[in-house]
Each structure stands twice: as C-alpha cells, then as structure tokens.
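S.K.: One letter stands for each residue in the lines below.
2 protein chains.
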Amino acid sequence: MNARFARRMKAMQPSSIREMLKVTEQPDVISFAGGLPAPELFPVAEVRAAAGRVLAEIGPQAMQYGATEGILPLREKIAAEMNRRGVACTAEDILITTGSQQSLDLLGKVFLDPGDTILTENPTYLAAIQAFQCFEARFVPVPTDDDGLIPDAADKLAGRYKPKFLYTIPNFQNPTGRTLSRTRRAALYDVARRRGFVIVEDDPYGKLRYRGEAIPPIKAWDKEGLVVALSTFSKVIAPGIRTGWAVASKDVRDRMVVAKQAADLHTSSLDQIVIDRYLMDNDNDAHVECVRKAYGERCRTMEEALEEYMPAGFSWTHPDGGMFLWVTGPEGLDTHKLLPAALEDCVAFVPGRDFFPDASGGHCMRLNFSNSRPAEILEGIKRLAGLCKGASNNIQRRYMHDCFNTQSRTR
Amino acid sequence: MNARFARRMKAMQPSSIREMLKVTEQPDVISFAGGLPAPELFPVAEVRAAAGRVLAEIGPQAMQYGATEGILPLREKIAAEMNRRGVACTAEDILITTGSQQSLDLLGKVFLDPGDTILTENPTYLAAIQAFQCFEARFVPVPTDDDGLIPDAADKLAGRYKPKFLYTIPNFQNPTGRTLSRTRRAALYDVARRRGFVIVEDDPYGKLRYRGEAIPPIKAWDKEGLVVALSTFSKVIAPGIRTGWAVASKDVRDRMVVAKQAADLHTSSLDQIVIDRYLMDNDNDAHVECVRKAYGERCRTMEEALEEYMPAGFSWTHPDGGMFLWVTGPEGLDTHKLLPAALEDCVAFVPGRDFFPDASGGHCMRLNFSNSRPAEILEGIKRLAGLCKGASNNIQRRYMHDCFNTQSRTR
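Going down the list, the sequences are from chains C and W. Going by the working numbering, the residue at position 380 of the first sequence is 380; the numbering climbs one at a time, nothing skipped. Going by the working numbering, the residue at position 54 of the second sequence is 465; the numbering climbs one at a time, nothing skipped.
Treat the hints as calculated values from the structure; they're not laboratory data.
Pair by pair, the computed Cβ-Cβ distance ranges are:
no.	chain 1	residue 1	chain 2	residue 2	range
1	C	A359	W	D692	43 to 51 Å
2	W	G570	C	D28	53 to 61 Å
3	C	E224	W	M691	50 to 58 Å
Built from N, CA and C at the ideal position, the CB exists for glycine as well.
With the rest of the complex left out, here is chain C:
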C-alpha cells in the first residue's frame, strides 16, 4: 500500500450519518438525524400505476440497456422544468444521473486532480465532502452568514487559491437551511466569471419552499457556461428511485457522459421510464404542494418547540424551505459527546462537526424535520432540550470551576 493509497483510504471513512442511520432504525427512536423525506407522502399509488403501465406497454424497452445520457422524453421534461426555473436549456444539455450524488462523483472525475482546491460553504453537505475527498481535493471553506456564502470572501479566497470550482447549495442548504440571496447569486456569478472558476450549484430542495418567493438558480445568470446545475426527483417524487440530473455546458456535459459510461453505463431504464410515465399521467406540482404543506407545518412545529423548550445559549436557523434546521449551542458544547446520551433517550441528531471541512462546528447539530410527524417533533425536541440544558449546566459549572481554580492559582 503506497502513501497516496493510505491517504485516500483515510479520507474514505464511512460517514457518521449513514452509520448512525443503522442505530436510528429502531422504531422507538425519534430521529432528527438522516435526511429522509416522509415516506407516507410518497405518491405510491401513482408510481405503481406508472410502473404497471410501462411494463405492460413497453416492457422490453424498460428492461433493456439504454443510452448513457438518459432517455430523451425524460430529458425533455427535465429541460422544460429547468426553463420554468429560469434556466434556458434543451434536452441536449441534460445528463440523467443515478441520484444527484452521482454528479458529484462525475464532477470529481472531470475536474479534480489530487491537491486541487475547491471552495465550499462552511458547513456543507457531508456526502459532497466525501465525494470530493475521494479525489483528494483541498477544501477551502468560504465564510457564510444568514444570507449564505459571502461573495467578497469567495473573491478573495479564489484569488489566493485558484479553485477548480465552488460548490454551493443555494436553497435551504444542507445542513443549515440557509438560502443564498438573489443579490448574492448575481454577485457570486460575477466573481466566478472574473476569476474564471466553475460553480457547481446543487439544488435538491428548491421546490420545497414554505415561505417567501422563489429565487432563480445561479445558472439563470450563466451566459458563459460556467455553472453546472444539479437537481433530482428524490425530494419531489422519491429518493429510492435513484434519478437526478445535471445541466452543463456542452464541453462539461460531454465529459460527464464519458465518465458516467465508465461508472455505471447508464441510470436504470426502469426507474427513468417509470418517472417519465408518472410525470405524464399526474400533476406532480399538486403533489409537491401537499409535501410542501406538510413539511412547512413540521418546520414550524420544530421552530416553536425549540423556542419553548431550549435553554438559553442555543440559537437556530429559520429556513424558508427544505428539510433541515441548524442549531448552534454555547461554545464548549461537544455535540459528538452529547449524542450517546441522546440515543439513550431515544432521540437522534447529526453532530455538526462532520459538515465542516475544517472540523470546526463541534457545538452545532443538524436537525431534520421532514421525516417526523408534528407530535414526534414536539416530544423529540423536549427530550433534546432536556439534554441540552444538562450539557449547558455542565459547561457553566466547568467554566465556574475553571474560573475558581484560576483564581485559586492566581491568589
């Protein structure tokens, strides 16, 4: 085993989220960990009808090998959807992927050499860190605030580190729930244009907005072909039917196609054709409206419960959509250490540290609200708040103790 191999293996550790998911599968655990959509809201009957119909009408085609790019009718529907979002494109610009996670891997293959720099939000999506770590990327986190990442900071860092690309989740970011403002999208695109780097815009949650008005994707500003826009059916139909997509300039898209060919030949024909049929036979916007209503209520329930039960010293984000809310505790809190006690109390969350390429954020945690019903959210937050209160008191005691000891020594 040579040095690079050992280094890459070190980088390729299983994510604590997915390892934890195994523990939280026990039915009595209220899990705010994971990032699962609500399965009771999946359009099961409609997908069942679609699957029955395609296997009856074009069964052999739905079971045969297909083109790497994905099936044309579905690429046409995706292009139409992207145009509605403000992105001018055609089916030729679309690559269908095995979940949008696959795009991260393909972009790593297309763009990254060991040691190459990428800019990311801080914190950012855990599985993006993992995907780019496989290619031994160097992560440079860009400072963020409540309006998302700060373009001036990205500008300075880009000047210094010459990144291959900047990776961002502009809508209801994972893990913070924050949204990049319209002004900043324009400014960020301008920075990318001037500095000559690519923007990878990952937007799985954009359609799940509970408050305020939709903001166009950064790709809508893109005249130079600098933005690769990623999205997925995972959050608006179902994630188990692994079907996502990328929209990119011809050059980048062609390279992604070649990389995908070597990676898995093509995305499941059955999955693609079932989704295509489902979209033809149903009003998916009406379905998304139901999901949005339910998740919006869950989000509000969580915010209100946090307001009522959490001790002083804790704050949290107020997402306008998506599936996650981000809690920041007092300095000195270690949410990794808090987790075993939480699991004992049958409530789960994801400790914040794993989302930070620079391993800061040990006093933060990510809470998912889409996969628990309001009553569970209320009960789960009560339990979590109790634990936070205990931890907070301990920190205070330790602080007092340290002060006292310091004073003792000083005397």
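Add chain W to chain C, keeping to what the hints say.
M.R.: Relative to the frame of chain C, chain W by itself:
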C-alpha cells in the same frame, strides 16, 4: 487545465461501441455490434407482477433511501446463488452495485493510483479498459490462447510489473467467447497467491452455458481473500434494471462500500426490491434455461453461417456460452475501415482494435449473436462474408502488387 487533467480527458473518449449503437438503432440494420440481450426473452410479465406487488405491499420502503450495501433479503439470495456456484460466502460479503460495471469503477477507486499496473486478457472488455483508464492505470496484457490467459505468462509479467490486480472474464469472455480452463483457474490462483496480487473475476455470462460442464469460479479456490468476484442480473433477468454485485474479503468490501456511498449512495431501492420479489415468486433457473436454449441456437446458427459463407483466411472462436464470437481475419485487414461499408450494407460489428489495451487486433472483429434472430443472423453473416471476401481480395491484390513492384525494382 493541467497535464494530468488533459491526459485523463484524452483517456476518457466515448467508446466506439456505444457511439455506434446510436447508428445501429435503425430498424433495417442487422447489428452484431453492441452486447444486448434479447429483449423478447425478458420475463416482462413476471417483473410487472413483482413491481405491482412490491408497490402495493411495501411501496414506501421501495421508494425510500436504503443502505449502501443493498437490501438484506437480496444479498441473502445472491449469497445462496454464489454458494451454489462453489463460492462460500454470506450476505455480509456481498455489495449490491448499480450494474456490475459500477464495481469496476469502485475497484479503481479502492486500488488504483496513477501509473499502477493491472494485468488483463488481450483482448479484454472495452468498458473495463475505460473504467480503469479513468484512474490512469497502466495495462499489461497477458498472452491468451483458446483456453484463456496463460498462467505462466501472468506469473512472469507479475514478477516484472508488480500489478495491483489482474482483471479476467473467465467464462465466455467478452470479446472472444473463450473460457479459462479449470486447470488454469487453479494455476492462476496459485500465481496470485505467490505473487500477492488481487484477482478481479468478472462473470456476467457464467449461467449462459450451451455446451460442456460448468467450471467453478476462481473465487472457489480463494482461501486468502484475494479474489473479488463480480456478477449481475443483467444477463439472467434484464440489464435495464441496473443490479449487479461484488463478493470480496471484508477489508475490500468495506472500502468498496465507502466508495459507493460517495458515488451514488446506494443502488435503486425499487430495482432491488422488484428483483428480490421476482426471485421469490418465480423459478428463474427455468427462465435462464429458455434463454440458454435460444442463445445456444443463435450461436450455432452463426457458427454454421460463418462456416458456409466466410472466405479463406478467416477463423473464429467456438464459444461454449455467452453472447459473443470473435472473428480473426487475414493480417493486413483493417476492420475499422471495413465498418463504414458494412453499415452501408446494413450490417454492423465491433472492430477488434478497441478491445486491445495495446491497440493490436486491427484485423479482428467481435460479433454478438444474442440480439438477432436466427434468420437475421444468416442474412447478416451472408452480407458480412461478402464484404470480407472483397476486403480479402483487395489485400491479396495489394500484396501481389507489392510483390510485383518489389520484383520490378529488384530487376
């Protein structure tokens, strides 16, 4: 764009097979190109029933995120199948992949650094060359004959080049249709053990045997955990439902799981659960028996037609199973140049050169017999034989011309 990036992009050219598939989709072309199973033999009604049942009974689960390893009941069935083939393993040893193509990508991630050597058959599977080229592997082809690759030659090359692994398709190899004999499997395993390299044993076609007795996989000899065995449902159920698997030692399998997590999180839940249900409700061995009978007839038809129509100077393999037959023409034939004329005559094949890591084999071609009916095979081979006769005469004329000129000059 730095040097390595440019180098990798050069390696990542689209395969001529898949580009050609687009041309051969025209209905009047008899295509021996591609590697498609016969869609008219897919168990469509059974898969339709399975899909209907799982979406009715466990719809939300079939549409939700799942574990990276794959669903347990299907891994148990795969383990049972591998035990029947002579490989001692449990569900814990199995990783379900998005087609077995994905395993090649994951193994590249786990094992290969730029410049690392791998041993392969010569010729070998085109998309394996592509997958490993993404990781800038150095290919060292091992000499092969009618019994597959030659273990003594592998031994010498391994001593000289210290390969990370040897990649082989032991049954009815793609592209040649050749099978590695039992004696050579034992000998090859012995070489790997002594030299300390991994064997990647890719077996998509093993169940499609038309003549002779099944030979155990190399993995059956494996006491040291040196063999990674790959297989798939693509050729025994359907390829569009992208579901394959790897059996590996705990160490390698765990690393592949981590790599897969970053690559696509997991293989489609719907696809996995539909296949699992299909296997529970149907006798797939009986289905494979039908496929075997039909493909066996197609194989014989192609062999007989070649015997009857091909001109002198051409020879071909006599596969005991699988989907491909390999034709070798006279030295001086360039099958790449023959292809446009063939397409004009509405018959297609894959030129041999692309299958050789060392770009030899320009006078060879791969013929697929699984995706054409016997009458088409007969007609297609007639057309192809006509073209080969013409090309052969041209080579002879050129040769005579060269001889004459040489004699003229000599005089």
